[in-house]
Structures are given as C-alpha cells and as structure tokens.
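S.K.: Let chain A serve as the given structure and place chain B on it in line with the hints.
Protein sequences, first through last, are from chains A and B. The working numbering applies: residue 4 is where the first sequence begins, and numbers increase by one. The working numbering applies: residue 4 is where the second sequence begins, and numbers increase by one.
Treat the hints loosely; a few may be bogus.
Note: identical chains are not told apart, hence a pair may lie in one copy or across any two.
[As the list claims (entries may be wrong)] Mimicking SDA-like on lysine to any residue, the simulated pairs with C-alpha atoms at most 20 Å apart in a straight line are:
id, residue 1, residue 2
1, K103, E81
2, K38, R108
3, K103, G147
4, K103, D148
5, K38, G54
6, K61, R15
7, K38, S17
8, K61, Q130
9, K61, G95
Because the hints were derived from the structure by calculation, they are not lab data.
There are 2 protein chains.
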Amino acid sequence: MADILHRVGVERSSPERAYEALTTVGGLSGWWTEKTSGDTGVGGVIEFRFGPGGFDMKVVELDAGRLVRWEVMDGPPEWIGTGVRWDLRQDGDYTIVLFKHEGWREPVEFMHHCSTKWATFLMSLKQLLETGEGAPEPRDVRIGDWH
Amino acid sequence: MADILHRVGVERSSPERAYEALTTVGGLSGWWTEKTSGDTGVGGVIEFRFGPGGFDMKVVELDAGRLVRWEVMDGPPEWIGTGVRWDLRQDGDYTIVLFKHEGWREPVEFMHHCSTKWATFLMSLKQLLETGEGAPEPRDVRIGDWH
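Looking at chain A on its own, in the form it has when it is part of the complex:
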C-alpha cells in the first residue's frame, strides 16, 4: 500500500471555512472541478467530473472544522478502494490542511502524476480560501501530457 501526502498552510482563513470548501458543492467546485454535484452529507456520494472522466466519492466521515473522509466508489481502476482524508486545524495565523490519498495498491506512474496534480489542487484550495478565487478544472494548472 502507498499513500499520497500533502500539507498546506492557509492564511486569513479558518478550519471552519476550509471545512466548508470541502463539504459543499459550491466550495468543492471552487477549487477542484467546476463540474461537482451530488450529496455532500455522510453516506452521500459526490460526483466530480473532469474532461477525461471523473470520480465518485462517498462521504464516510465528517467532523465539522476538523475532518473529512471520502471513499472512492468510481473512477480510474487504480483509485477504486482508495480513500481520501482531510485533517484541519488552526496553528497560529495558519489554517493547516493535511491531506492523505491512501491505500494505493502499487506506486504506479499514474500515482506519481496524481500526487503532483493533488498538490496543484491543494494550492488551488489555498488560493480560493485566501483570495476568493481558486483554479478548478477547466482552469486548473496543467502539469504535463496527462493534464
């Protein structure tokens, strides 16, 4: 098993605002993909769509202002059965966002790509919270031939 890990510190925000950006369709579509829909409550499934495909995430755990956990229900074969975990907290002037995409069966090349791409989306989340404007798909940062 292999995990993708990331961490950003967001200025002029709060764990509550970060939590909102992770648990509402409006928030999620402001930093990940504009094509976000579905039920963001526990047990609900959120559909994230991108040019070449997308992901269906089941919301498996929510702790307001602290924790969000998703399980991948549909998407690329490498993603099925993996989970995404967000831990939030305030450290002084910074809202700390700890990210883990866990349970990859193999560290395949696609996992390398997803790791870098997640980093750019975490920077998009940080930017959304700090400035009100993120860079969700289709305005996302391109990192290579795999988008």
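M.R.: Leaving out everything else, chain B in the frame of chain A:
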C-alpha cells in the same frame, strides 16, 4: 518506509536538457535554490542552502539523459538516509520527469509538507525548461507556515 512520488511532463524540451538542469550547479540553481554549490559528478556532494537550513546530497548514480540519484548526507533528521531519484524519458512531445524521494522512516507531518513543496519545485523545473525562468528559493512558491 514511505516515498514521495511526483511526475511532470515538460514541453519544448528534451531528456538531455532536463538532465543538465539536474546535474549542473547552473541548472539546479535555476529551479531549486539559488544557493547551490559543490561537485555534481558521481561521488561528489552538492550543497543546497535555503533560508532556514539546507541539504547535502551525494551523487550516487548518473546515466546521461536518463537517471540521476542522490543520497541525503546532511539536512533535517527526517531526511538523513533517504534518497532522491529522477528518471527521464521522452514521450512524444513531452519530456517526462519521474521523481521519487524514497525511504522516509515515518509518514510524519513534515513529509506531507515536503511532498507538496517538491511538487512546486518540479513545477519550477518544468517552467525553467519551458521558459528559461524557474522559481528557485528565494523566489519559490510559499505553501504555508513552513515555507
């Protein structure tokens, strides 16, 4: 053991140019840190300095246009004994840069930070190769309270 993985695709470049950016003081100081010095040949030690500290990397393997491997000799305690591996190849119009920072003893929070920070430096490398201008320290992208 845990690894940080990344992948970028660089346009209008070549594995040879990417290799040069990873194996010369001029290249490395154009995307990672301006304060780069030392011996970039096999067995040599390259010193990378940043505001809060730095890393000494021993060059343990070089294969022109294909592979660069470093071993961390000095730096933060979590980095000692870890290794960094770069694999390069051309895929159509893109130079593919596969990155691995391998052998972390524990997936500590600092590893989360380093993973995101490496992603921004890979984007800096991509930018250097595509435009001639990267974003090395001290002009690097800030990702949070840990720089």
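S.K.: Each hint: holds or not?
M.R.: The hints, checked one at a time:
For the identical chains of this complex, K103 and E81 are neighbours both inside a copy (16 Å) and across copies (19 Å), given an alpha-carbon limit of 20 Å. Proximity of K38 to R108 under the C-alpha cut-off of 20 Å is found in neither arrangement, the shortest distances being 28 Å within a copy and 39 Å between copies. Within a single copy, K103 and G147 get their C-alpha atoms only as close as 22 Å, which misses the 20 Å cut-off; across copies the closest is 17 Å, which meets it. For the homomeric pair K103 and D148, the shortest alpha-carbon distance between copies (19 Å) is at most 20 Å, but the shortest distance inside one copy (24 Å) is not.
With identical chains, the CA atoms of K38 and G54 are at most 20 Å apart within one copy only, with a shortest distance of 10 Å there and 40 Å across copies. Taking the shortest Cα distances, K61 and R15 never come within 20 Å of each other, neither inside one copy (30 Å) nor across copies (40 Å). For the homomeric pair K38 and S17, neither the shortest alpha-carbon distance inside one copy (25 Å) nor that between copies (35 Å) is at most 20 Å. For a Cα distance limit of 20 Å, the shortest separation of K61 from Q130 qualifies neither inside one copy, at 25 Å, nor across copies, at 36 Å.
In this homomeric assembly, K61 and G95 never come within 20 Å of each other (Cα to Cα): the closest approach is 32 Å inside a single copy and 37 Å across copies.
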